[in-house]
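Student: Listed here are the chains, written in short residue letters.
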Amino acid sequence: MWAYAVVPERTRLAEPLRGLADAPVQLLGDGSHALLVSVVASDAIASAEDPHALAAHAERHHEVVRRVLDSAPAVLPFRLGTVLRDDAAARVFLERRRGSLQRALRHVKDRREWTVRVDRSGAQPRGEPTASPPPRQGPGAGAAYLAARRHQLTTAETERRERAALLHDVGLALHERVVDVAVGHERDDAVVFAEHYLVERAREPEFFETVDACGDALLERGLTLRLTGPWPAYSFARTSMVEEAHD
Amino acid sequence: MTDGQLSSRYAGSSSLVDLLDRVIDRGAVVNGDVVIALEGIDLIRLDLRLLIVGVASRLEQHARCS
Numbered sequence: 001m002w003a004y005a006v007v008p009e010r011t012r013l014a015e016p017l018r019g020l021a022d023a024p025v026q027l028l029g030d031g032s033h034a035l036l037v038s039v040v041a042s043d044a045i046a047s048a049e050d051p052h053a054l055a056a057h058a059e060r061h062h063e064v065v066r067r068v069l070d071s072a073p074a075v076l077p078f079r080l081g082t083v084l085r086d087d088a089a090a091r092v093f094l095e096r097r098r099g100s101l102q103r104a105l106r107h108v109k110d111r112r113e114w115t116v117r118v119d120r121s122g123a124q125p126r127g128e129p130t131a132s133p134p135p136r137q138g139p140g141a142g143a144a145y146l147a148a149r150r151h152q153l154t155t156a157e158t159e160r161r162e163r164a165a166l167l168h169d170v171g172l173a174l175h176e177r178v179v180d181v182a183v184g185h186e187r188d189d190a191v192v193f194a195e196h197y198l199v200e201r202a203r204e205p206e207f208f209e210t211v212d213a214c215g216d217a218l219l220e221r222g223l224t225l226r227l228t229g230p231w232p233a234y235s236f237a238r239t240s241m242v243e244e245a246h247d
Numbered sequence: 001m002t003d004g005q006l007s008s009r010y011a012g013s014s015s016l017v018d019l020l021d022r023v024i025d026r027g028a029v030v031n032g033d034v035v036i037a038l039e040g041i042d043l044i045r046l047d048l049r050l051l052i053v054g055v056a057s058r059l060e061q062h063a064r065c066s
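Going line by line, the protein sequences match chains L and A. Each residue of the first sequence is one higher than the one before, counting from 1 in my numbering. Each residue of the second sequence is one higher than the one before, counting from 1 in my numbering.
Keep in mind that the hints were calculated from the coordinates and are not lab data. Backbone N, C-alpha and C fix where the C-beta goes; we use that ideal spot for every residue, glycine too. Among the hints, erroneous ones may be present.
Sample of chain L residues at the chain A side, in silico, Cβ under 7 Å [unchecked claim]:
| id | residue |
| --- | --- |
| 1 | 62 |
| 2 | 80 |
| 3 | 82 |
| 4 | 153 |
| 5 | 155 |
| 6 | 156 |
| 7 | 208 |
| 8 | 211 |
| 9 | 212 |
| 10 | 215 |
| 11 | 225 |
| 12 | 227 |
| 13 | 234 |
The shape of chain A in the complex, shown without the other chains (with noise of 0.2 Å):
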């Protein structure tokens, strides 16, 4: 009657990377015309290295003022 595992000892936190990547390349793509998708998403996609840089710059300046 142990419990379940409720974690591996190999979880750790992921990185900004991880998440920015799942949220711009995954998840569903709907389309339609109903939809209007954020233009240039796709742009965005193939050059993730700009929104890492832009989103890490943003950090630091967060982590100035906090």
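Bound conformation, chain L alone (with noise of 0.2 Å):
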């Protein structure tokens, strides 16, 4: 049984979805929410070793919590590769999780992820310190190399403090915008800033101008700002889903 996400109790799905292996997703509640769920043989779940699988695994994954996300005000999402025996073992799932379920909900309900990313694949930046500046001959050459690269690097070392400063200050004018944030993990080096956001949707006229504001002032020192969205709720369904004591 594998389960894409947790969704409160009187969730109805819009239309049928067809989930991993074409298997259809069904809804499986204890009254108080309700699990995301298809059947699924165990040979049609891919190895982490086979990455083409797995891939297609993820894809469809996320293309049912995303169509749900339509149907729902909160959508808890389920990291990859979670599976729970059968149906009995959903419901002591839920039972057990109950409190923390519904926090969880609570955060995410009525709000939507966006992520916003800034690299430097704008325009050329200004005062980057390239070829050292060509050293001359004659008297006097020597140190004017030397001044000369070190007005060089001066520039430059203003430019990246300037850099980090307009950073540092989008990050304030968006925070203002949202109920949270988490921090991107990149793995591109162009990659300059990176974060994920709970906005409320009621709230996102607001966040965007204040997303393109922020682009527009970027983009004059060459960076550029992406945005990307909406996301369900992945970056702040990190809760910990602890089990609760049994009485």
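Join these two chains into a complex; the hints should help.
Tutor: Here is the structure:
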């Protein structure tokens, strides 16, 4: 039983959905919450050593979660690979985590995740020390070279600091418009800023305005802002879903 | 009485890497005796590059067939 997400009990799927291995997506509830699941044969679940199949799973998993976001006010997406043994196990799962699930769903209710990244792929950054100034010959050439070099490095350093200050301000401005922030971990060195935001749906217009203002300011410095979303709240689903003590 | 802004000028489409990263590395993580996590998924998180390569070639196959 492959699990995609937890949703409030009242959720109804707007359309029939097919998930992993084309299995139908079902709701399995306990009165408080419901699990979005598909019954899948265990040999249909790719092993982690098969990147092609795993990637297909990931896309399908995400597609299901994304579609349900349209039907449900709150969706708590699971990380890829959450599998439950059967119906009974699913109910036990829900029962033992009722409190945590309630809190976790409340946190993402009527909110969507948006990601902002800034990279250096814009206009040429100014003042980067590229080649050293060509050393000249003759008296005073050495000193002139060093002075020119120092100037280059100082300018570059100033640019760097101003860029860092601007990114800091961008972060502050965006944080004002959101209810939660998760820092992004990027593998790409060209990305100088990456954060995920949980934004109230009703407050998205103001958020977009701020994003645009930040994007404009960054462009003047040769930095490109990119917004992606809306996403189901993957980055904000990491609340610890601990089992509560049995009575 | 203007309509709320529907999107940002800087909105763009997300990459497959972004999607994979999200689904594999984020989302609620659960354990407990009723949960069987996908074995080896933690290894994949460390080796996302392998996955990306796999996906890229799969997409190319799709593109050729469709």
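Student: Against each hint, give a clear statement of whether it holds in the structure.
Tutor: Hints and how they fare:
Of the supplied interface hints, the one on residue 62 of chain L holds, with its beta-carbon coming within about 5 Å of a beta-carbon of chain A, less than 7 Å. The restraint placing residue 80 of chain L at the interface with chain A holds, with a minimum CB-CB distance near 5 Å, inside the 7 Å limit. Annotation: interface hint on residue 82 of chain L holds; nearest CB of chain A at approximately 6 Å, less than 7 Å. Annotation: residue 153 of chain L was flagged as interfacial toward chain A, and the flag is violated, the nearest CB pair being 32 Å apart, outside 7 Å.
Evaluation of the residue 155 of chain L hint against chain A yields a violated restraint, the C-beta minimum of about 28 Å exceeding 7 Å. Because the smallest distance between the Cβ of residue 156 of chain L and any Cβ of chain A comes to about 27 Å, over 7 Å, the interface hint for this residue is violated. At about 4 Å, the closest approach between the beta carbon of residue 208 of chain L and any beta carbon in chain A falls short of 7 Å, and the interface hint on this residue holds. At its closest, the beta carbon of residue 211 of chain L sits 4 Å from a beta carbon of chain A; the interface hint therefore holds under the 7 Å criterion.
With its C-beta approaching chain A no nearer than about 5 Å, residue 212 of chain L sits inside the 7 Å limit, and its interface hint holds. Taken as an interface hint, residue 215 of chain L checks out: its beta carbon lies about 4 Å from the nearest beta carbon of chain A, inside 7 Å. Checking residue 225 of chain L against chain A: minimum C-beta separation of about 5 Å stays under 7 Å; hint holds. Here the hint on residue 227 of chain L is kept, as its CB sits about 5 Å from the closest CB of chain A, short of 7 Å.
At its closest, the beta carbon of residue 234 of chain L sits 4 Å from a beta carbon of chain A; the interface hint therefore holds under the 7 Å criterion.
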